[in-house]
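Q: The primary structure of each chain is shown beneath.
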Amino acid sequence: MTTMTRPGTADSSRAPAPAVRRSQLWRDAVAAEWLKLRTLRSTYAFLAGGAAATLLGMLILFLLVGSFDGASAAEQANYETADLTVVVMPFVTFFLASIAAMSITTEFTTGSIGPGLLAVPQRRILLGAKATTAAAVGLIGGLLFALLALAGATLLLGDRPAPLNPWPSWTHALPTVACAALVVMVTSIVALGLGVVLRSTASALVTLGGLVLVAPVFAHFLPTTWHLRFASVLLPNLTPQLAGADHPYLLSPAGALVMLLAYVGVALGAGLIAFGRRDAT
Amino acid sequence: MILVRKLTKRYGQTLALDNLSFEVRPGAVTGFLGPNGAGKSTALRIILGLHHPTSGEALIGGRRYDRIRHPMREVGAVLDANAAHPGRSAVHHLACLARSNRIGRARVRAVLDQVGLADVAHKRVGGFSLGMRQRLGIAAALLGDPAVVLLDEPINGLDATGIRWIRSALRTLAAEGRTVLLSSHLMSEMALTVDDVLIIGRGRLLAETSMTEMRDRFERDVLVRSPRAADLAAVLTGLGASVTAVETDTFVAAGVDAPAIAAAAAAAAIPVHGLTSRGATLEDVYLQMTGEAVEYRSTERTAQS
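So the sequence lines, in the order shown, correspond to chains F and L. Residue numbers for the first sequence follow my numbering, so the first one is 270 and each next one is one higher. Residue numbers for the second sequence follow my numbering, so the first one is 53 and each next one is one higher.
There may be inaccurate statements among the hints.
Label-pair restraints from in silico Cβ distances [stated by the list, open to error]:
(1) L/T66 - F/G534: 29 to 39 Å
(2) F/W439 - L/R159: 42 to 52 Å
(3) F/A471 - L/G156: 32 to 42 Å
(4) L/R159 - F/T550: 24 to 34 Å
(5) F/R291 - L/G179: 18 to 28 Å
(6) F/G534 - L/N208: 40 to 50 Å
Think of the hints as simulated: they come from the structure by calculation, not from any bench. Note that CB positions come from ideal geometry on N, CA and C, so glycine has one too.
Using the sequences provided together with the hints, build the complete structure.
A: Dropping the structure here:
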């Protein structure tokens with residue numbers, strides 16, 4: 270190595286930056302993440318996807334109601350319950366959770382994770398801010414779409430009786446709506462965790478689709494005992510178990526809540542480990 | 053002040069940085085030079101907390117980057133001109149960064165104006181040229197009016213006007229007492245911009261010097277032309293120089309620089325028709341230093357007889 274002397278220079282005499290509390294850092298990071306979501310077209314595309322799924326569910330219900338009205342009393346007694354949240358919410362969950370997954374995967378794929386970490390180098394705070402934003406989008410979006418589905422179902426079902434009409438009145442559906450929103454929120458956090466671990470939009474969305482849309486269908490092909498065990502722990506099926514509604518699954522509301530917390534713990538834990546240890550490229 | 057101490061980074065079997073140590077002082081533009089694959093970007097990424105070192109540490113103002121709260125107010129950096137979401141507009145890209153560090157919207161507009169992107173502020177980054185993206189990156193680095201600026205290959209993609217602008221901007225930042233570190237693999241580019249030079253190869257520090265001393269150190273001798281060459285040679289020999297005749301009116305003097313020769317000639321009333329300092333060019337010096345440390349080398353094609 271060649272070393273030569275250099276003239277000394279006085280250090281810059283800039284005033285030290287004011288102390289910043291950790292909570293203030295976190296609030297600023299959340300505000301920045303919220304702004305990031307609002308300034309991307311893909312966010313609105315996924316919200317439109319959720320709206321389209323809700324409208325499609327209403328169309329299916331409209332056709333079902335028409336068929337119900339034309340059926341005999343004996344046939345009407347054999348109709349499936351027209352709980353619109355069962356039809357609509359898995360798709361809404363997929364679209365809203367995709368926003369959460371893409372909030373991190375697009376940063377990896379476009380390289381904008383670099384400027385993001387230069388702005389907020391405390392990785393736990395950055396991931397926490399993303400999780401908070403994802404959870405907020407999931408909860409608020411899930412609640413809005415579930416309420417929209419409930420309103421549509423209430424209007425379409427009118428005073429038709431059970432088994433087609435699952436609720437004596439719309440107020441009886443509110444626990445299911447709230448629990449559906451909670452499940453969307455948790456699924457969004459899981460999607461974020463998947464995005465951090467997989468770092469690829471395609472991989473994260475395919476895995477998310479498998480978890481939310483494919484696995485519940487796949488469960489039906491298992492023997493009954495295994496079907497119930499497996500299906501009971503799947504995210505979409507936690508909604509009726511959490512709400513204590515009429516369902517064939519195995520978990521109590523408390524058990525379903527523990528399962529939801531376990532999903533959050535595993536997703537955030539894996540995300541924190543992956544995000545904290547890996548180099549950001 | 054940037055302080056790098058015994059920094060080592062391994063990627064599997066590859067040793068990217070090997071016990072690298074250096075300091076970057078405030079009030080000067082410091083060039084971080086090395087051939088492709090020398091470890092410049094890795095070192096910058098570790099300094100900025102994006103990569104984890106295998107051992108050693110990098111400190112800015114005495115702290116690790118990831119310990120600095122609202123770091124954009126203290127450190128500005130550009131590592132990759134393409135590191136902005138292509139679907140987001142320039143103003144939104146900067147606004148997101150600014151919001152995370154409590155920097156106002158007025159500052160976003162000011163830096164966009166400063167880098168010449170005010171007219172395209174609301175256009176999506178995906179439609180920007182490389183030069184425009186480079187300017188956007190520099191705008192992001194300047195957002196928090198930082199005391200320390202790190203730029204990785206900032207001139208890539210810039211046109212002549214942009215290059216002149218960034219040179220001027222870097223000189224101004226250094227004159228204000230800020231610490232400026234920029235990496236490049238082009239010595240010619242650095243020669244016009246930097247005060248101090250750090251040269252690395254294969255992850256090791258090869259030289260840490262000022263640009264002036266680098267020029268002086270590798271200046272070899274002076275070619276002198278005078279109608280009274282023999283008389284001037286005798287005078288210079290008396291001053292301790294060694295002299296080698298080339299032609300009747302030309303000789304080469306070593307051990308004395310051109311100003312001293314001019315002064316001696318004037319004192320002895322000897323006319324001088326030419327003084328040419330001869331030395332290795334900075335490019336030569338750089339290639340000589342890094343020649344052994346080049347990771348990727350092209351194969352020269354020789355003519356078949």
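Q: Now tell me, hint by hint, if it's right for this structure.
A: Structure-based check of each hint:
1. L/T66 - F/G534: 29 to 39 Å: The hint (29 to 39 Å, Cβ to Cβ) holds, given that L/T66 and F/G534 are roughly 36 Å apart.
2. F/W439 - L/R159: 42 to 52 Å: 50 Å Cβ-Cβ, so the 42 to 52 Å window holds.
3. F/A471 - L/G156: 32 to 42 Å: At roughly 38 Å between Cβ atoms, L/G156 and F/A471 fall inside 32 to 42 Å, so the hint holds.
4. L/R159 - F/T550: 24 to 34 Å: Since the Cβ atoms of L/R159 and F/T550 sit about 29 Å apart, the hinted range of 24 to 34 Å holds.
5. F/R291 - L/G179: 18 to 28 Å: 38 Å, violated
6. F/G534 - L/N208: 40 to 50 Å: 44 Å, holds
Checked against the numbered hints above, the structure violates only hint 5.
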